[in-house]
Amino acid sequence: MRHRHPQWTAIAAAVTALTLTACGSGEPADTGGPVTLTMSAWSMKTTPEFQKLAESFQAQHPDVKIQFKEYDATNYDTQLTADLAAGSGPDLYILKNLKNFITYQGGEQLLDVSDVASGLGDKVNGIGNYKVDGVTYAVPYRQDSWYLYYNKDLFAAAGVTPPDETWTWAEYEKASADLTAGLKAAGSPAKAAYQHTWQSTVQGLALAQTKGADLGSGDYGYLAPYYKRALEQQQAGSQVDYGTATTNTLQYQAQFGTQQAAMMLMGSWYVATLIAQQKKGEAQAFQWGFAPAPQPDAGTKDKPITFGDPTGVGVNAAIDENKVAAAKKFLTFAAGEGAATALAGIGITPATLTDPVVQAYFGVQGMPADELSRFTFTTHDTRAENPVSAQTAPLQNILLETHSAIMSGSTPVDEALTKAGERARSEVLESK
Amino acid sequence: MSTTTVGGPRNTAADRTKRWYRARRSLQGVSFVLPNFLGFGLLTLGPVVALFYISFTNWNVFGKAKWIGLDNFTRLLGDASFHRALLNTLYYSAFHIPLTLALSLGLALLLNRKLRGVQFFRTAAFFPYVTSIVAIAIAWNLLFSRDAGPINQILGLFGVDDPPGWTASSTWAMPAVIIVGVWREMGYYMLLFLAGLQTVPPELHEAARIDGANAWQRFRNVTLPCLRPTTFFVTVMLTIGSFKVFDLILVMTNGGPGQSTLVLSQYIYQKGLVENRFGYASAISVVLFALCMLVTVVQFAVNRRRNA
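Which chain is which? The protein sequence lines are A and B, in order.
So that you can map any letter, position 98 of the first sequence is 98 in the working numbering, and since no number is skipped, the others follow by simple counting.
Here the working numbering runs 1000 ahead of the position in the second sequence, where the first position is 1.
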């Protein structure tokens, strides 16, 4: 035993030294001294927005340091929930989906940040989603919206007029038929459109654009016209059918990026992806742009209705009291123009859209420069895909199953929607 | 270390010394098992015991769990999705268990001979078991593709005009999943059967042959009875594995189309980890546990009676 003593002494000395130095650098000199805030993030290598947020914030507030706690992208909410329940969650955390916001809010894991919200003014899109019973629990830093992406080269090859800001669904259907015929005549293997396998591609727009549609009503008749259109498009051969897309695990980025489809409805996050992929050569080089999602009628053409959920950031209710002020400073910054300009500079759609932000966004290299894309980016009425309610997650699960039943052709539209309503009532709405 | 035994008065209390030695030996035994048991207790036994408690509450991860008695279980009785998941699980098991059993035994018999390249074929049959489940799901989904998939093209060659939609059809999704499940697991159970076949005494076969028994009679009356311990083990493992099938379904069909391949484990995952209703999810887990337990107990009872 005795011969080990020197080693132990050395280790003990090293530990003491480390602890001492750690204390020395971590201890604030006075109450206004440096504060370190931990913040959740995911896939930091491929998702530059977190680093961008932190860098631009620290440039303005050198006394606050943001330290990231990285989570797995697909299991983000599960891992974060576990951390919060164990009391080891980060000081600030990103609300990746609106669907799970209620879990954190209802679980009393979010600090009341109404004072931050009231100081932000009315320029921040999507902030109302985080308000429960008059109290705001988080602020959005990005607000994505769904657009109609279109390939200008394929439209030209097919001899079809590209979309404009007044497109209704009837015009979309007509263009789709013309494209299918025109592309075939031009010898192109491309389809008129690609509809991804997600339930959002049908249900999101239907919920946003139909008057009186309510996810929590248990009445899903509003989905019928949107599903019938999707099935017709499939049958007409204007888009790859759902079964082929699921069995072949088709990627929407590849479908549009390698010119397999002339049009695609997709969220605004795809703008940055497509630009990056074109730059790297993962996507082909072609002219593209984005237009508002087609509207049910011409009545909404001045402010087209689309859908999309905000991405927000909230403060852990268990945060150290000394850090609250710094955390709120960060929230004010993240939802404001400063962060918005920085984020727009990397092709992200921020929650605040002021003129400098729009300038920064369209200053990104590779960004479409046309007027229509600019109009689409700045002018829209974006409704939430997942209205905040404890019932949203189970209802969306029922609708997900309904989506695959309808799109695979297993169940007729009306029958499937009636059944979805019955299930919603018996499993979610009428139970505790 | 050795000071404790030296002090003992050996001649006056021989019994005590003996007892001490015995205690020490069992202590040593326990200390060998302890690390494993600690891990098991901490990561498996603890959560399982907690599960039973949680199933009587409405716990949603955050905050306190409220005791709600049998509410979760009475709700299960009327939950149509749960019934669907239960039926689907039974559907999967009813085909997966006998098919895997028969095919793995068949493979084992085939590869138990002195063939050229038998090692290669044994390895090949085992490959699916060690391949990543996600890769398997993607590859099989491609094979099952309705219009361009090789499986339907081959069916077309045999004159099938309206081939099934497989994973994109609510009728055929479950058969598709069963096929992949059987294909994936038969290699593993083949290995167990191969090991079992080595224990069949060759003398018995020889005696049967001299008595004029043909190959089928020898299989029925010599091989199968000698394999019974292996068959029993394989059946129990297969049953439990089938009842809790999860990853394959999740990556291949995600329970769809509709609810056509929704199974119990996936329903538990959905309720617990997607909807954060851990109390309700735990109640379903308890039912799944009871189901596995019941079937296994029956299997043990049947096996004991046959052995008697």
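Certain hints may be false.
[Stated by the list, open to error] Simulated pairs of lysine-lysine, DSBU-like, Cα-Cα distance not exceeding 35 Å:
hint : chain 1 : residue 1 : chain 2 : residue 2
1    : A       : Lys131    : A       : Lys279
2    : A       : Lys69     : B       : Lys1244
3    : B       : Lys1244   : A       : Lys419
4    : A       : Lys323    : A       : Lys303
5    : A       : Lys96     : A       : Lys211
6    : A       : Lys174    : A       : Lys211
7    : A       : Lys69     : A       : Lys280
8    : B       : Lys1066   : A       : Lys323
9    : A       : Lys329    : B       : Lys1244
10   : A       : Lys69     : B       : Lys1066
11   : A       : Lys96     : B       : Lys1066
12   : A       : Lys45     : A       : Lys211
13   : A       : Lys69     : B       : Lys1114
14   : A       : Lys228    : A       : Lys301
15   : A       : Lys328    : B       : Lys1244
16   : A       : Lys419    : B       : Lys1066
17   : B       : Lys1244   : A       : Lys131
18   : B       : Lys1064   : A       : Lys65
19   : B       : Lys1244   : A       : Lys323
20   : A       : Lys174    : A       : Lys45
21   : A       : Lys96     : B       : Lys1244
Derived by calculation from the structure, the hints in this document are not laboratory data.
Results for each hint:
{"no.": "1", "hint": "A/Lys131 with A/Lys279", "verdict": "violated (40 Å)"}
{"no.": "2", "hint": "A/Lys69 with B/Lys1244", "verdict": "holds (34 Å)"}
{"no.": "3", "hint": "B/Lys1244 with A/Lys419", "verdict": "holds (27 Å)"}
{"no.": "4", "hint": "A/Lys323 with A/Lys303", "verdict": "violated (41 Å)"}
{"no.": "5", "hint": "A/Lys96 with A/Lys211", "verdict": "holds (28 Å)"}
{"no.": "6", "hint": "A/Lys174 with A/Lys211", "verdict": "holds (24 Å)"}
{"no.": "7", "hint": "A/Lys69 with A/Lys280", "verdict": "holds (29 Å)"}
{"no.": "8", "hint": "B/Lys1066 with A/Lys323", "verdict": "holds (33 Å)"}
{"no.": "9", "hint": "A/Lys329 with B/Lys1244", "verdict": "violated (49 Å)"}
{"no.": "10", "hint": "A/Lys69 with B/Lys1066", "verdict": "holds (32 Å)"}
{"no.": "11", "hint": "A/Lys96 with B/Lys1066", "verdict": "holds (29 Å)"}
{"no.": "12", "hint": "A/Lys45 with A/Lys211", "verdict": "violated (42 Å)"}
{"no.": "13", "hint": "A/Lys69 with B/Lys1114", "verdict": "violated (58 Å)"}
{"no.": "14", "hint": "A/Lys228 with A/Lys301", "verdict": "holds (23 Å)"}
{"no.": "15", "hint": "A/Lys328 with B/Lys1244", "verdict": "violated (46 Å)"}
{"no.": "16", "hint": "A/Lys419 with B/Lys1066", "verdict": "holds (32 Å)"}
{"no.": "17", "hint": "B/Lys1244 with A/Lys131", "verdict": "violated (41 Å)"}
{"no.": "18", "hint": "B/Lys1064 with A/Lys65", "verdict": "holds (34 Å)"}
{"no.": "19", "hint": "B/Lys1244 with A/Lys323", "verdict": "violated (46 Å)"}
{"no.": "20", "hint": "A/Lys174 with A/Lys45", "verdict": "violated (42 Å)"}
{"no.": "21", "hint": "A/Lys96 with B/Lys1244", "verdict": "holds (30 Å)"}
In this structure, the hints that do not hold are numbers 1, 4, 9, 12, 13, 15, 17, 19 and 20, in rising order.
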